[in-house]
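J.: Each chain, written out:
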Amino acid sequence: MTRISIRLAALIGAAGLAATLAAPAHAGKTLDTIKQRGNINCGVSTGVAGFSAPDSQGQWSGLDADTCRALAAAVLGDAKKVNFVPLNAQQRFAALQSGEVDLLARNTTWTLTRDASLGFHFTTVTYYDGQGFLVPKKLKVTSAKQLKNAEICVQSGTTNEKNLADYFRAQNVKIKPVVFEGFEASFKAFFAGRCQAYTTDVSGLAGLRNKEAKNPDDYMIPDLISKEPLGPLVRRGDDEWFADVKWVIFALIEAEENGLTQANVDEQKANSKDPVVQRILGTSEDTGKLLGLDKEWALRAIKASGNYGEIFERNVGPKSVLKLPRGANNLWSKGGLVYAPPIR
Amino acid sequence: MSVDASATRETSGPPRTRPPLFAWFFQTLLVLALVALIAWLVSNTLAHLRERGIRAGFDFLTQPAGFEIGESWLSYESSQPFWSAFLAGLANTVRVALPGIVLATLLGTVIGLGRLSRNFLLRSISTGCVELLRNVPLLVQLLMWYFALTELLPASNDAVHVAPGIFLSKSGLSFPWWEAGGFDWPMAGELNVIGGASVTPEFLAVWMGLSTYTAAFVAETVRAGIQSVSAGQLHAAMSMGLTPRQALRYIVMPQALRVIVPSITNQYLNLTKNSSLAVAVGYPDLVSVANTALNQTGRAFECIAVIMSVYLVLSLLTSVLMNRYNARVALRGAG
Numbered sequence: 001m002t003r004i005s006i007r008l009a010a011l012i013g014a015a016g017l018a019a020t021l022a023a024p025a026h027a028g029k030t031l032d033t034i035k036q037r038g039n040i041n042c043g044v045s046t047g048v049a050g051f052s053a054p055d056s057q058g059q060w061s062g063l064d065a066d067t068c069r070a071l072a073a074a075v076l077g078d079a080k081k082v083n084f085v086p087l088n089a090q091q092r093f094a095a096l097q098s099g100e101v102d103l104l105a106r107n108t109t110w111t112l113t114r115d116a117s118l119g120f121h122f123t124t125v126t127y128y129d130g131q132g133f134l135v136p137k138k139l140k141v142t143s144a145k146q147l148k149n150a151e152i153c154v155q156s157g158t159t160n161e162k163n164l165a166d167y168f169r170a171q172n173v174k175i176k177p178v179v180f181e182g183f184e185a186s187f188k189a190f191f192a193g194r195c196q197a198y199t200t201d202v203s204g205l206a207g208l209r210n211k212e213a214k215n216p217d218d219y220m221i222p223d224l225i226s227k228e229p230l231g232p233l234v235r236r237g238d239d240e241w242f243a244d245v246k247w248v249i250f251a252l253i254e255a256e257e258n259g260l261t262q263a264n265v266d267e268q269k270a271n272s273k274d275p276v277v278q279r280i281l282g283t284s285e286d287t288g289k290l291l292g293l294d295k296e297w298a299l300r301a302i303k304a305s306g307n308y309g310e311i312f313e314r315n316v317g318p319k320s321v322l323k324l325p326r327g328a329n330n331l332w333s334k335g336g337l338v339y340a341p342p343i344r
Numbered sequence: 345m346s347v348d349a350s351a352t353r354e355t356s357g358p359p360r361t362r363p364p365l366f367a368w369f370f371q372t373l374l375v376l377a378l379v380a381l382i383a384w385l386v387s388n389t390l391a392h393l394r395e396r397g398i399r400a401g402f403d404f405l406t407q408p409a410g411f412e413i414g415e416s417w418l419s420y421e422s423s424q425p426f427w428s429a430f431l432a433g434l435a436n437t438v439r440v441a442l443p444g445i446v447l448a449t450l451l452g453t454v455i456g457l458g459r460l461s462r463n464f465l466l467r468s469i470s471t472g473c474v475e476l477l478r479n480v481p482l483l484v485q486l487l488m489w490y491f492a493l494t495e496l497l498p499a500s501n502d503a504v505h506v507a508p509g510i511f512l513s514k515s516g517l518s519f520p521w522w523e524a525g526g527f528d529w530p531m532a533g534e535l536n537v538i539g540g541a542s543v544t545p546e547f548l549a550v551w552m553g554l555s556t557y558t559a560a561f562v563a564e565t566v567r568a569g570i571q572s573v574s575a576g577q578l579h580a581a582m583s584m585g586l587t588p589r590q591a592l593r594y595i596v597m598p599q600a601l602r603v604i605v606p607s608i609t610n611q612y613l614n615l616t617k618n619s620s621l622a623v624a625v626g627y628p629d630l631v632s633v634a635n636t637a638l639n640q641t642g643r644a645f646e647c648i649a650v651i652m653s654v655y656l657v658l659s660l661l662t663s664v665l666m667n668r669y670n671a672r673v674a675l676r677g678a679g
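As they're listed, the protein sequences go chains A and B.
Residue numbers for the first sequence follow the numbering used here, beginning at 1 and rising by one.
Residue numbers for the second sequence follow the numbering used here, beginning at 345 and rising by one.
If you're looking for bench data, these hints aren't it; they were derived computationally from the structure.
There may be inaccurate statements among the hints.
[To be verified] In silico DSS-like cross-links for lysine-lysine, where the CA-CA straight-line distance does not exceed 30 Å:
id : chain 1 : residue 1 : chain 2 : residue 2
1  : A       : LYS176    : B       : LYS617
2  : B       : LYS617    : A       : LYS269
3  : A       : LYS214    : A       : LYS138
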């Protein structure tokens, strides 16, 4: 009998183990878990210049990285308390679903399928992007429509792959995609001459051209074929955390609108008589309480990363490697699309 | 029961056999418990997925896939449903695995015989090949083939005209192909070579990488198989006046095959499964297509399940075919 009872015991043990594994990651209490853990697990890319890329010392920089830092400053009071988790395009959604990361700030396009069927909430748009092509100038291609029969390198698991098919089907033009799993493999093949064009979001193309090409002037970006609103996303089922992420980003945008910068925010807190500024910085009303945070949450976020405009300038703007114009990512009051609901 | 069994063994006499009813009872119980466990795991997973607002199920397979596949045997386009995309991916897997098996067998046999050659140079080269190929990871070899092909070949809009109608460039090898009552000849287009049929550098890299890597293992199997036949057999054959070639063909090989076939079957299975590494160099095999589908739909469980079951079926199929062949050579050897 012993062997059978051992077997049964093992079976019961396995079942118990499976039960613990299958149990849902503590839903609804993300903020508590983060406070207890002492840092935020922020899912980022494996290295997309301007959005999230590690330098030689392992320091992450970029628009997405700065968003996570501002969030850590607001929530935990310390911008350094971010644990960056690099994820490739295939891993990213599973990592957020399983609770391995608290938010995904990984230049991810907001689409219906992702928002409605994967168990996520997109918080807000932090960068308005569009898909384009990188083409060697010597091919004399001035419009994407001229890419008939061309081989186009693209990374798998992106919205780019689908846009590519849609666009050329609508144009009734045949192309051959060459699909790579890794970002690095895909652009290396392109620069080796395997494809006549490379496609991804324009921000990504700018980074590639300026960082990876031997001579950036040999390449050009003809035209855009899609809209790609990029922004952080969180798991469903925790509305409090969803609100926190959303409002920290809104605070950064509001800060730009009201002239609050990394440099002047302390001085403004002490002297400003503007009721809007007072509300943002927590000198009049306690907006933090409504979010489960303290009074100075927005102040700390701005001090950590600067306002939205400063984050943009530093990471993707004309003075950065990407050299991208502000364009659609300017404030609504300056002809762009960036708009935050009021903090009140 | 283990205690009982060892006790009876010590007190000599035949081991006591378990009453069949007793055995049946516990085996049924175990099967029931297993089924219950699996059912519970599945329902638990589904319940949690639902709870977190994650859609599950295979219904997405009939939705339009929405992405293109670079090369395929089947006529596939992005408006077709996911299941035809999977099928196109599977066709690509078979398309590289079959030629891979053929080339690996040919190369492997030649290298394996070379290892046994009396010619020092031939023997050393064969040994060198085997050691080099089987000791470098396959993924590295695939990348090496791929980068060699894409770096060394001329640009796509500057293809070399190797022979009439045959072009070679970074876009691959283009050749004339029979289509609708006539040959379709490839031509140099503005961006790359158009028309005719072509194989891409991705295909070539995967095919060459898989074939040469597996050939090293096939070579070792062939060598071991031949060496397993006792030297006396060969001497006997020679003394009866057979030439070395005849002795190999009629005496050694039929006996060696009994040893070779089962383990070569494993190599064929490995080659088929290793073709899943094709995704690293951008060849659109089943795994590559399933990965894309997984990302477009977010149905991780379902897509992985498709990959698993397809490889399982492919491997079992290969096994069945090879076992049949093995039964034939084994019987002949025994007879």
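J.: Would you mind marking each hint as holding or not holding in the structure?
T.: How the hints compare with the structure:
1. A:LYS176 - B:LYS617: With a Cα-Cα distance of about 26 Å, the restraint between LYS176 (chain A) and LYS617 (chain B) holds, given a limit of 30 Å.
2. B:LYS617 - A:LYS269: violated, 64 Å
3. A:LYS214 - A:LYS138: holds, 15 Å
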